[in-house]
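Q: Each chain, written out:
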Amino acid sequence: MIPSDHYTRFYNEVFKFLEAEGEEVLEAYFLAISKNQEQHILELIETKGLAGMEEYWTHIKIEENCDMDIDRNEDRLELRMNVCPSLSKVLDSDAEPMARYCDHCAGWIGPIFDKTGYYLVYDVIDRKKPQCVMRVFKDEAKAKAAELDVKLLMGWPGHKVS
Amino acid sequence: MSEKLRYAEEGEVHLDFHGATNTTIDFIIGKFGLAAMDEIFRKVGKDVYRSIHEDLIAGDTGQLVAHWRHFFTRESCDYDIAVDADEIVLSVRHCTAWHHVAKLVGTPSSHFCDQTSRTNEALAEGSPFIIDTEITGPGACRQVIRRR
Numbered sequence: 061m062i063p064s065d066h067y068t069r070f071y072n073e074v075f076k077f078l079e080a081e082g083e084e085v086l087e088a089y090f091l092a093i094s095k096n097q098e099q100h101i102l103e104l105i106e107t108k109g110l111a112g113m114e115e116y117w118t119h120i121k122i123e124e125n126c127d128m129d130i131d132r133n134e135d136r137l138e139l140r141m142n143v144c145p146s147l148s149k150v151l152d153s154d155a156e157p158m159a160r161y162c163d164h165c166a167g168w169i170g171p172i173f174d175k176t177g178y179y180l181v182y183d184v185i186d187r188k189k190p191q192c193v194m195r196v197f198k199d200e201a202k203a204k205a206a207e208l209d210v211k212l213l214m215g216w217p218g219h220k221v222s
Numbered sequence: 254m255s256e257k258l259r260y261a262e263e264g265e266v267h268l269d270f271h272g273a274t275n276t277t278i279d280f281i282i283g284k285f286g287l288a289a290m291d292e293i294f295r296k297v298g299k300d301v302y303r304s305i306h307e308d309l310i311a312g313d314t315g316q317l318v319a320h321w322r323h324f325f326t327r328e329s330c331d332y333d334i335a336v337d338a339d340e341i342v343l344s345v346r347h348c349t350a351w352h353h354v355a356k357l358v359g360t361p362s363s364h365f366c367d368q369t370s371r372t373n374e375a376l377a378e379g380s381p382f383i384i385d386t387e388i389t390g391p392g393a394c395r396q397v398i399r400r401r
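The listed protein sequences derive, respectively, from chains A and B.
In this text, residue positions in the first sequence follow this note's numbering: the first is 61, and each later residue adds one.
In this text, residue positions in the second sequence follow this note's numbering: the first is 254, and each later residue adds one.
Watch out, some of these pointers could steer you wrong.
One side only, chain B facing chain A, incomplete, derived with CB under 7 Å [as the list claims (entries may be wrong)]:
{"#": "1", "residue": "G264"}
{"#": "2", "residue": "A273"}
{"#": "3", "residue": "F280"}
{"#": "4", "residue": "S370"}
Footprint (simulated), chain A over chain B, 3 or more residues, beta carbon under 8 Å [as the list claims (entries may be wrong)]:
{"#": "5", "segment": "256-263"}
{"#": "6", "segment": "289-303"}
{"#": "7", "segment": "321-328"}
Honestly, the hints are just simulated from the structure, not real lab data.
From the three backbone atoms N, C-alpha and C, an ideal C-beta is built for every residue, glycine too.
Could you put the whole structure together from the sequences, leaning on the hints where they help?
A: Listed below in structure tokens is the structure:
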């Protein structure tokens, strides 16, 4: 058994393999993981909207031991990851980190927001630092406005950013 | 014998990661074949777990046994470890990972337990030991370290 604690270090090896095989297979993998994740979050979003997302990430914050602030208002949900346990473990590994490790996060959640009619603004800030800010909006115009205030905007399959 | 763990997480556990591992195994094997998946597990065994691998090469099984105790306990597996002069046997009667995936998706990938077998083989590569992994039932196995 690869312990669940070490999944991210295993994931990192998978990413390195897939990146060498080409961008299309990496995206196909993100979509496969996204499909897998639907069983945990899709119904919450569809039935409870932003409150359902808050419920999901509150659970994640506990189980993944995240140092994360969650803030929700009428218009949007904001996750402010102060110390990301996923990238922290990959950086604290005897194996080489994949340079674009952070891409996986928007890679799986972005397609789910596309399906459910929400607008994601994912600021990775710096791929070498275990911190990021994710905002999810009901309104596309507000999401577009928020994109002007990011350091490193992340895209996902079907939603490229320049 | 070194029982100091290179990785020794504490706190909560997120068992749903095992579901993502199951999806990953099916994805990689489906697109690239079994050899590609085996090679990734080999890298996990030799690179991610370099510290355990190097201890084994040096003839020291201590960290691997401590790793088993730490993580099988953290995941509330039903297991025991028997250490004697000729071999060390980890008997897993209830693997939390396998059973959690079974709860999520019904039937885990037929290659789900390769993560154990292949990683064990890589850990032992070039060392005075072999690590055999025998699947003894659904979510159950026996892992044996013995000298070559």
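Q: Checking hints one by one. Is A273/B an interface residue toward chain A, by the C-beta closer than 7 Å rule?
A: holds (6 Å)
Q: Under 7 Å is the threshold here; is the Cβ of G264/B close enough to any Cβ of chain A for the hint to stand?
A: Hint holds; G264/B Cβ to chain A Cβ min 4 Å, cut 7 Å.
Q: Given as covered by chain A, does the segment 289-303 of chain B meet the bar of three residues or more with CB within less than 8 Å?
A: holds (count 9)
Q: Taking 8 Å as the C-beta cutoff, is the stated coverage of the segment 256-263 of chain B by chain A satisfied by three or more residues?
A: holds (count 3)
Q: Mind checking the CB of F280/B against every CB in chain A and telling me if the closest is under 7 Å?
A: With Cβ-Cβ at 5 Å, under 7 Å, it holds.
Q: Interface hint check: S370/B, Cβ to nearest Cβ on chain A, cutoff 7 Å. Holds or violated?
A: violated (11 Å)
Q: Counting residues of the segment 321-328 of chain B with a beta carbon closer than 8 Å to any beta carbon of chain A, are there 3 or more?
A: holds (count 4)
Comparing the model with each earlier hint shows a violation of hint 4 alone; every other hint is respected.
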